[in-house]
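Keeping the supplied structure of chain A fixed, place chain B upon it in accordance with the hints.
Protein chains: 2
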Amino acid sequence: MGGKTAKIKKLRRKLKKLRGKVKALRATRPQTVPQVSPLAPPGGFPELPVIPGVRFAAIEAGVRYAGRADVMLAELAPGTQIAGVFTRSATRAAPVLDCQEKLGGDSSGGAAILVNSGNANAFTGDNGRTSVAVIAGSVAQMLDMPETRVFTSSTGVIGEPLPHDRITARLAELKAALDPGGIAQAAQAIMTTDTFPKGAGTEIGIEGRTVRIAGIAKGSGMIMPDMATMLVYVFTDAAIDQPALQRLVGRLTDRTFNCITVDSDTSTSDTLLVCATGTSGVEIGGPRSRSGQAFEAALEQIMLDLAHQVVRDGEGATKFVEVRITGASSDADAKKAALAIANSPLVKTAIAGEDPNWGRVVMAVGKSGARADRDRLSIRFGEILVAEHGWVSPDYREEQGAGYMKNQELTLSVDLGLGAGAATVWTCDLTHQYITINADYRS
Amino acid sequence: MGGKTAKIKKLRRKLKKLRGKVKALRATRPQTVPQVSPLAPPGGFPELPVIPGVRFAAIEAGVRYAGRADVMLAELAPGTQIAGVFTRSATRAAPVLDCQEKLGGDSSGGAAILVNSGNANAFTGDNGRTSVAVIAGSVAQMLDMPETRVFTSSTGVIGEPLPHDRITARLAELKAALDPGGIAQAAQAIMTTDTFPKGAGTEIGIEGRTVRIAGIAKGSGMIMPDMATMLVYVFTDAAIDQPALQRLVGRLTDRTFNCITVDSDTSTSDTLLVCATGTSGVEIGGPRSRSGQAFEAALEQIMLDLAHQVVRDGEGATKFVEVRITGASSDADAKKAALAIANSPLVKTAIAGEDPNWGRVVMAVGKSGARADRDRLSIRFGEILVAEHGWVSPDYREEQGAGYMKNQELTLSVDLGLGAGAATVWTCDLTHQYITINADYRS
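Line order of the protein sequences matches chains A and B. Counting from 43, one number per residue, gives the positions in the first sequence under the numbering used here. Counting from 43, one number per residue, gives the positions in the second sequence under the numbering used here.
Pulled out of the complex, with its shape left as it was, chain A reads as follows (with noise of 0.2 Å):
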């Protein structure tokens, strides 16, 4: 009797002592990796419009995934006009290679645009010319159209073949199913390690009459574009001839995709195409036009919103983070010290921690290569003024600083009480995700 309520007693006392083991180790265990951002912008997917002349396609084919779309098909009318910017990256894939010769062809015959995910064909030799080859070929004969109006891009594993003839089997179907309000499930095939897809569209009115813009975009590692981003499809029924809007595609991808950071790593495939298929029968005139000004500031928007998916993707991310200077000698210097901050670990590791390590803030302008005065910059998070003239500033304290971390959208504003240069960047924290994700994201 006596023996079996000391063997309880004993058994309860093991018992809350490994209950206390339990949440201890509870405490410390990494977490998992969330099924979607919790940056992603609420709401899901946007509503987008229709652009007439444009048709999409998703279909299932198998190059690496299973049980999802992998390959989208965009078929464009004739005349579309296509304006690409591309990754500067001396390693690019086969299919930009190919894309950057095909920009400025005869628009008469249409044009179509085929893209996989799971495979990136980059670092593949002949065999990633010959696989882009006949994709291009297979789409061209299908879609009756000239082969030089096949536009092709692979995101995914470098240094693998890419199996080709899994896409080209299924090119019937692609195109039995193309839709002109299929773009969801265009944005859901071009995905890797996206958490979600990602979209922006907007309807504009320009001379009494509307003109549609809607564009998808996937990235969220290797993000550190240059000169493009991941992979970025735009689409309006704008009328502008190619290298007008080639010169606009430019420009605004400087305010836009070419200020988004994730890693400061640089993809090999990174390609942003803007589709123009003149279907709304506008005519968009020079930069200084209303109209030319008007769908500038209308396409910046989409790019930018599409640009900050990306950022809210970014993988571990936790924090959305605006790195604003002002103040500097030039525009170039200030980009460089945004991202400076912004590509800096121990910066984005203070972010993940919600420490207000200002100091390290400092030493990113330090190292940017930025012309910098340590005793005239001043630094604010959020419109919190940290530290100014060399050293914190007298009415901050800690407190507050540690409390306006602990948002999930931050605002790092330095002024470096120079001059008139200035430039905004976006990015991410660096976070226990990441490591997970990329430590083991290919074997």
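Incorrect hints may have been included.
The list treats identical chains as interchangeable, and a pair is accepted whether it falls inside one copy or across any two copies.
[Unchecked claim] In silico lysine to any residue, SDA-like type, Cα no more than 25 Å apart, as pairs:
| id | residue 1 | residue 2 |
| --- | --- | --- |
| 1 | K51 | E245 |
| 2 | K144 | R293 |
| 3 | K58 | A48 |
| 4 | K144 | D415 |
| 5 | K144 | D283 |
| 6 | K448 | E202 |
| 7 | K49 | G328 |
| 8 | K448 | T478 |
| 9 | K52 | K63 |
| 10 | K65 | H474 |
| 11 | K144 | D417 |
| 12 | K59 | A82 |
| 13 | K448 | V199 |
| 14 | K144 | R413 |
If you're looking for bench data, these hints aren't it; they were derived computationally from the structure.
Chain B only, in chain A's frame:
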């Protein structure tokens, strides 16, 4: 009776279940920060030669840390020549600016170096300059030498005022403790997030006489030296004039400390001082003389050893990685490519995950800005040929790469196939530990 037996059974089942839970949780929990880096040189701090003309002392002044030495003093004999290389950061710390002004002064009155850890005295405005002046003035008075010959460094948190009175209050004790054999204690006193003290030394014969070199370093995060590294102090009894020593140290820095990176962030306090007491009586000739070459080779070995020790103590490091570039258009291009690989978060996380993800090496070369031709570059992991002619090598098997990546010391070699440019840099992997250490270092 039966009730108690049932209860015991029930408790045992609960215990079993909880034990399973504890086991599962243990498997997923992040490792705690190791006491000492797994990459630390075996055998602990090395036996260093005593340099005639140099005495060391270390003391616990409670600048920030408790229970450990945090201030070191080195006293240098009259005639000691001092060369220095410093961070190029635009936000460099007050002691760095002060050291830069003092280099090259009259050496007849002797010299001293005082270093504190726990506080970087960086971005501390006028207060920072005052602290340096107070410390240098007090040391000068106590050791009876001109204030212009007292060099100081501070390392630790940025942006907090240095409580210099805690240091000056202990100067008499420091002086009393001065000891030619005290270099190991000095190496301990300058540590911050370092997990082991770093030292290297050698003795060489020149013209039948002995020249000794001994150096110490600190640093494990905020490491991508730009002109210098964290804190490094090297002492020798060679006789060499200051301009010649300065030129030599500058040249060697480019091959040693400027070839390492932990996290691409550059400290505001990077300082390297090389002090030649001349007490050996061995005059070092020009760079082409026999003595000049012997001394240069020996000094390079010490500087490289210390630089490697800094990488081996990289925050969270579990792998020591040598990145070798050959066949580049120029040495500058080779270094660009090497640093792009060594700084890529995607390459570094792949190494942490023991993933032979050579596609990320291609990516890093591509973004580096170095001239590269995808179809000419080849990649080796150790001796294993992984990729050549723009694609994976036909003989390469993934298991080979995966097996190689399990090593603690790795060599990644890339031949660009373009010219004779070459560079080698050293780095470590990027692990969960780095995030743990840096998301929570200050607050």
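Taking the hints in turn, this is what the structure says about them:
no. : hint        : in the structure
1   : K51 - E245  : neither (72 Å within a copy, 68 Å between copies)
2   : K144 - R293 : within (21 Å within a copy, 48 Å between copies)
3   : K58 - A48   : both (15 Å within a copy, 19 Å between copies)
4   : K144 - D415 : between (47 Å within a copy, 21 Å between copies)
5   : K144 - D283 : within (16 Å within a copy, 63 Å between copies)
6   : K448 - E202 : between (42 Å within a copy, 22 Å between copies)
7   : K49 - G328  : neither (88 Å within a copy, 84 Å between copies)
8   : K448 - T478 : both (23 Å within a copy, 18 Å between copies)
9   : K52 - K63   : both (17 Å within a copy, 20 Å between copies)
10  : K65 - H474  : both (21 Å within a copy, 21 Å between copies)
11  : K144 - D417 : between (52 Å within a copy, 21 Å between copies)
12  : K59 - A82   : neither (40 Å within a copy, 37 Å between copies)
13  : K448 - V199 : between (35 Å within a copy, 22 Å between copies)
14  : K144 - R413 : between (41 Å within a copy, 24 Å between copies)
Of the numbered hints stated above, those contradicted by the structure are hints 1, 7 and 12, listed in ascending order.
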